[in-house]
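Chemist: The chain contents come next:
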Amino acid sequence: MTGWRRPVSLEQISILHKRFMQLSHNEDSLRREDFKTISDLASNPIRFQIIEAFFDKRNFRQNGEGSVEEISFEQFLTVMSHFRPVPVHTMTEEQRESLRREKLRFLFNMHDTDNDGTITLEEYRRVVEELLSRSGALGKETAKGIADAAMLEVASVSVGHMEPDEFYEGITFDHFLKILNGIEIETRMHIRFLNMDTTNLCK
Amino acid sequence: MALGRLALGTVGASRRVSLQRGLLFLCALVLLLLSEAVEPLGASGSPGGAGDSSGGSHGLQKGCEADVTKSKHPTNRTKKPFPVLSFDYEHVKTPFEISLWVLLASLMKLGFHLIPRLSSIVPESCLLIVVGLLVGGLIKVVGETPPVLDSQVFFLFLLPPIILDAGYFLPIRPFSENLGTILMFAVVGTLWNSFFMGGLLYGVCQIKGTDLNTVNLLACLLFGSIISAVDPVAVLAVFEEIHINELLHILVFGESLLNDAVTVVLYHLFEEYAGVGSVSILDVFLGVVCFLVVALGGVLVGAFYGILAAFTSRFTSHTRVIEPLFVFVYSYMAYLSAEVFHLSGIMALIACGAVMRPYVEANISHKSHTTIKYFLKMWSSVSETLIFIFLGVSTVAGNHSWNWTFVTVTIILCLVSRVLGVVGLTYVINKFRIVKLTTKDQFIVAYGGLRGAIAFSLGYLLDKSHFPMRDMFLTAIITVIFFTVFVQGMTIRPLVDLLAVKKKQETKRSINEEIHTQFLDHLLTGIEDICGHYGHHHWKDKLNRFNKKYVKKCLIAGERSKEPQLIAFYHKMEMKQAIELVESGGGVKLPSAVPSTVSMQNIQPKKPPSDRAIPQISKGREEEIRKILRNNLQKTRQRLRSYNRHTLVADPYEDGWNDLLFKRQKLMEIEKKMSKMSNYLTVPAAAPDSPTLSRARLASDPQAYSSKPTSDDLPTIKVDLASPQSPDSVNLVNEFQKAATQNDPDDDGGLVMKVPFADKDQGEQDNKKEQQRLMRCLSDPGPGGDEEEDEPFLP
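Protein chains in written order, with the UniProt record's numbering: chain A, 1 to 203; chain B, 1 to 795.
By construction, these hints were calculated from the structure, which means they are not laboratory data.
Check each hint, because a few of them may be wrong.
[To be verified] Result set (DSS-like, lysine-lysine): computed pairs, CA atoms no more than 27 Å apart in a straight line:
hint, chain 1, residue 1, chain 2, residue 2
1, B, 572, A, 144
2, B, 502, A, 178
3, B, 576, A, 144
4, B, 549, A, 103
5, B, 576, A, 140
6, A, 103, B, 504
7, A, 178, B, 504
8, A, 36, B, 542
9, A, 144, B, 504
10, B, 367, A, 103
11, A, 144, B, 549
12, A, 103, B, 503
13, B, 552, A, 140
14, A, 140, B, 553
15, B, 552, A, 103
[As the list claims (entries may be wrong)] Which chain A residues face chain B? A few, computed with CB under 7 Å, are given here:
hint, residue
16, 45
17, 46
18, 149
19, 192
[Stated by the list, open to error] Negatives, chain A to chain B, calculated, CB over 10 Å:
hint, residue
20, 57
21, 60
22, 94
23, 101
The C-beta atom is built at its ideal place from N, Cα and C for all residues, glycine as well.
Required output: the full structure, derived from the provided sequences and hints.
Modeler: Now the structure itself:
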């Protein structure tokens with residue numbers, strides 16, 4: 001596509017391969033259960049969404065849809081590549097914009113579980129509930145309110161004027177882009193792949 | 001006199017202002033003179049001003065007492081007539097002078113902002129120094145010795161409020177994200193500056209022709225270390241006004257705070273050994289160790305006091321009034337304790353403020369929070385003003401020893417070393433940063449390295465006997481300070497505009513951004529765990545979990561210890577919106593940034609009509625309802641009107657025009673509708689638990705409307721109940737709905753009032769719309785679903 005896409009370096013690929021083998025117990029493909037063996041992930045409130053993202057065909061850059069049961073190393077690498085650090089300051093505006101779209105698309109796919117192109121109120125509520133899932137009963141009730149307020153904000157910003165009987169279907173990808181303009185996603189959504197050989201230390 | 005007049009807050013022409021300022025100077029001068037001269041003059045009876053008369057009345061009391069005690073001891077004093085009014089200034093001299101200076105500083109600050117264009121061209125710090133120069137000059141002209149900025153006073157009283165203000169409100173997120181960069185600039189940058197400057201100055205001093213041969217290497221290095229530190233006070237004063245983006249602000253400001261440790265160590269090291277004349281390798285090694293001790297020790301002391309303050313604030317729920325006091329006193333104690341051991345007091349203060357803040361803010365009341373904020377701002381503002389004025393006065397007061405070579409070389413070297421240091425360090429730092437620092441950023445960082453009063457005070461502390469060239473040092477320091485504050489301070493604003501440096505974004509954080517920031521944090525932590533890489537997201541997450549599990553339980557009182565950050569943010573946002581709503585007069589102005597007509601009902605998913613939950617009412621009750629309604633039909637007109645007028649609370653998400661529309665059409669519309677809508681009112685209108693009608697109940701008539709089991713040709717009122725537990729969430733009552741939307745329009749769990757389509761003519765459709773809009777204005781926090789059910793519908 002564009003020249004700034006630095007390929008993941010050989011060293012990084014070999015490290016990730018080692019990790020892949022470790023997780024899949026030396027098989028060729030990873031399943032969802034293999035992810036569950038990572039104990040650090042157990043305390044993460046959105047672990048299910050993260051795991052699902054790996055098995056979501058939309059993230060395999062092949063314009064597929066739906067989800068798969070197991071993934072190969074190539075697909076694992078493809079999903080991981082969404083998080084590699086990119087030298088943002090050397091890019092032109094449109095390159096930055098396309099990088100932003102790519103990363104926000106990943107987030108969007110994580111929220112849009114039924115793949116209808118919009119994040120409905122129900123889906124958004126679930127997102128907030130998961131985020132607050134570690135807060136017990138207090139979280140569940142307020143999550144609804146927060147999700148409603150957030151949805152309202154998106155609608156207000158994106159659509160502006162609506163008749164009383166009109167219904168705002170859900171957050172489309174463009175609205176999503178607009179509302180998250182303030183977070184500099186292209187500089188924040190990355191993992192430092194620099195010193196990665198700590199696979200021996202993790203479970 | 002002049003003080004009193006100025007206190008009235010005039011907004012006059014600049015001529016008037018300058019006249020008053022002149023009078024103020026005169027008055028201050030007179031009083032200062034009096035303070036110096038009161039001893040030889042004895043009791044001069046003329047009250048000179050507002051301040052004097054109060055001094056006089058106290059003096060009267062003292063005079064009385066003195067007389068009484070004297071009379072007890074019989075001496076050979078001749079009997080004097082009883083002093084009705086006496087003048088005794090001595091015993092209030094010190095607090096009086098202090099108050100006078102503070103008053104002068106504050107009035108100056110006031111005065112600057114009355115002159116419209118001045119404050120936009122010249123930064124306040126420059127103006128204040130000029131004022132100091134003038135005051136110092138006046139004092140000298142009169143023949144008195146103007147006071148010099150005493151280092152004790154500076155370090156113990158003037159500096160801490162500024163640092164505490166900075167530390168308490170330090171934006172933790174950008175600070176911790178850029179900590180590596182900041183530390184590099186602070187430690188390595190300051191070291192580089194000191195040695196580069198000290199070394200080159202020594203080289204210059206050795207040149208024959210200048211009479212600077214007496215300055216040895218260590219003295220030069222000492223001078224270098226004093227002058228090379230970027231000053232937080234000056235940086236704050238200038239950067240506050242130019243509003244650059246957060247990254248640059250935190251870089252320069254963080255550097256100015258953290259270089260204190262380096263400065264302290266270098267200063268003490270060179271001061272110790274400059275007298276001796278040589279430094280051994282062991283001393284250097286000890287110096288490095290000392291640096292670590294000073295820096296880490298300061299942070300630990302600060303963190304310790306911060307935890308203490310947080311713990312104390314847990315128990316203050318019954319004594320809210322003294323909550324701010326704990327914050328201030330603990331922080332000050334942290335500073336003083338660090339100073340006892342010659343640790344870095346500034347770092348202690350920063351650590352204390354930053355550590356205690358999240359816990360204290362969760363514990364204290366809203367008013368205490370406001371108090372802390374405003375007291376800190378007030379004290380730091382006054383301190384800063386006083387510092388700059390005193391810098392000006394000290395310039396006039398001090399003995400100067402001007403040496404052209406030394407001073408010019410110092411200034412040039414300052415600039416050169418700063419630029420070289422920043423460029424060199426950025427080159428190294430950019431290898432490790434994701435968001436690289438551009439050339440523009442580097443320029444601002446280099447140009448923003450202002451020197452200030454800390455350098456002056458450190459120079460002033462030098463012992464004259466060990467450092468015979470102290471006066472020359474002081475002169476050079478003051479010149480550098482003047483140069484950086486005036487030249488760099490004044491030109492940085494147009495330069496920022498010229499270079500189009502990114503400015504601070506004024507937009508406040510939206511709930512969506514907050515949600516996704518948290519989401520992103522968890523996502524990145526998860527990805528790190530999956531690829532087996534213990535990166536800084538992993539550790540940050542671990543720290544957060546540790547914090548939540550153990551620390552918060554200890555330090556935060558009650559239920560709030562379990563409140564997750566997102567919910568806290570949401571509550572804060574709602575509170576803000578509620579306050580804005582009240583302040584804007586009940587919804588005329590839209591609190592949110594984007595005016596829109598989108599409201600809650602637009603996003604609520606619509607359920608099929610079969611899911612409608614309508615409370616079933618027994619036949620008997622139904623009859624009673626109908627009877628009551630028919631009886632009250634005549635009064636309906638007024639009732640409805642009053643119901644609308646009294647019970648209207650605008651939805652904060654509504655656009656203002658809805659309200660106007662309502663006000664204008666209210667009477668006409670309702671009147672017109674009454675006749676046509678008589679069908680409605682023969683049947684139950686709204687559910688007993690409808691928010692609209694619960695208010696109607698309260699506002700006008702105890703009679704309540706109630707619902708009727710549905711049948712399609714009868715209108716029923718749709719009620720949108722928001723989640724009852726959600727604290728301030730806004731509800732909309734969609735009272736009327738087009739019949740056309742009968743098939744799918746329903747809110748979750750609400751009752752629908754539907755217009756029987758067949759009955760209405762086309763002309764009513766528009767009115768319907770108006771009505772909808774009108775009724776959409778009605779809202780209130782959703783009633784607790786349970787409690788309403790229990791209420792008898794006929795109270």
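Chemist: Now tell me, hint by hint, if it's right for this structure.
Modeler: Verification of the hints:
For the suggested pair residue 572 of chain B and residue 144 of chain A, the alpha carbons sit about 16 Å apart, so the restraint of at most 27 Å is met. Restraint check for residue 502 of chain B and residue 178 of chain A: the C-alpha separation of about 20 Å stays at or below 27 Å, so the hint holds. This hinted pair checks out: residue 576 of chain B and residue 144 of chain A have alpha carbons roughly 19 Å apart, not beyond 27 Å. Straight-line distance between C-alpha atoms of residue 549 of chain B and residue 103 of chain A comes to about 32 Å, which puts the hinted pair past the 27 Å bound.
Between residue 576 of chain B and residue 140 of chain A, the direct Cα distance comes to roughly 23 Å. Compliance with the 27 Å bound is thereby established for this hinted pair. Proximity of residue 103 of chain A to residue 504 of chain B is assessed by CA-CA distance (about 25 Å); at most 27 Å being required, the pair is judged to hold. Of the supplied pair hints, the one linking residue 178 of chain A and residue 504 of chain B holds, its CA atoms being roughly 20 Å apart against a limit of 27 Å. Distance hint between residue 36 of chain A and residue 542 of chain B is fulfilled; the C-alpha atoms sit about 19 Å from each other, no more than 27 Å.
For the proposed pair residue 144 of chain A and residue 504 of chain B, the alpha carbon gap of about 33 Å is over 27 Å, so the pair is violated. The suggested pairing of residue 367 of chain B with residue 103 of chain A is violated, with an alpha-carbon distance near 42 Å, which exceeds 27 Å. The straight-line distance between the Cα atoms of residue 144 of chain A and residue 549 of chain B is roughly 25 Å, inside the 27 Å bound, and the hint therefore holds. For the given pair, residue 103 of chain A sits about 25 Å from residue 503 of chain B by alpha-carbon distance, which is consistent with the 27 Å threshold.
Our distance criterion of 27 Å between C-alpha atoms is met by residue 552 of chain B and residue 140 of chain A, whose separation comes to about 21 Å. Restraint check: the Cα-Cα separation between residue 140 of chain A and residue 553 of chain B comes to about 21 Å, which is no more than 27 Å; the hinted pair holds. Annotation: proposed proximity of residue 552 of chain B to residue 103 of chain A is violated, straight-line Cα distance about 34 Å (limit 27 Å). Because the closest C-beta pair between residue 45 of chain A and chain B is about 6 Å apart, less than 7 Å, the hint holds.
A least Cβ separation of about 5 Å between residue 46 of chain A and chain B falls short of the 7 Å threshold, and the interface hint therefore holds. Look at residue 149 of chain A: its Cβ gets to within about 6 Å of chain B, closer than 7 Å, so that hint holds up. A distance limit of 7 Å between C-beta atoms decides the matter here; for residue 192 of chain A the minimum to chain B is near 6 Å, and the interface restraint holds. Against chain B, the non-interface label of residue 57 of chain A holds: every CB pair exceeds 10 Å, the least being about 18 Å.
Remark: the non-interface label on residue 60 of chain A is consistent with the geometry, its nearest Cβ contact in chain B lying 16 Å away (cut-off 10 Å). For residue 94 of chain A, the condition that its CB be more than 10 Å from all CB atoms of chain B holds, with the nearest at approximately 19 Å. Taking the minimum C-beta to C-beta distance to chain B, about 15 Å, the non-interface status of residue 101 of chain A holds against the 10 Å cut.
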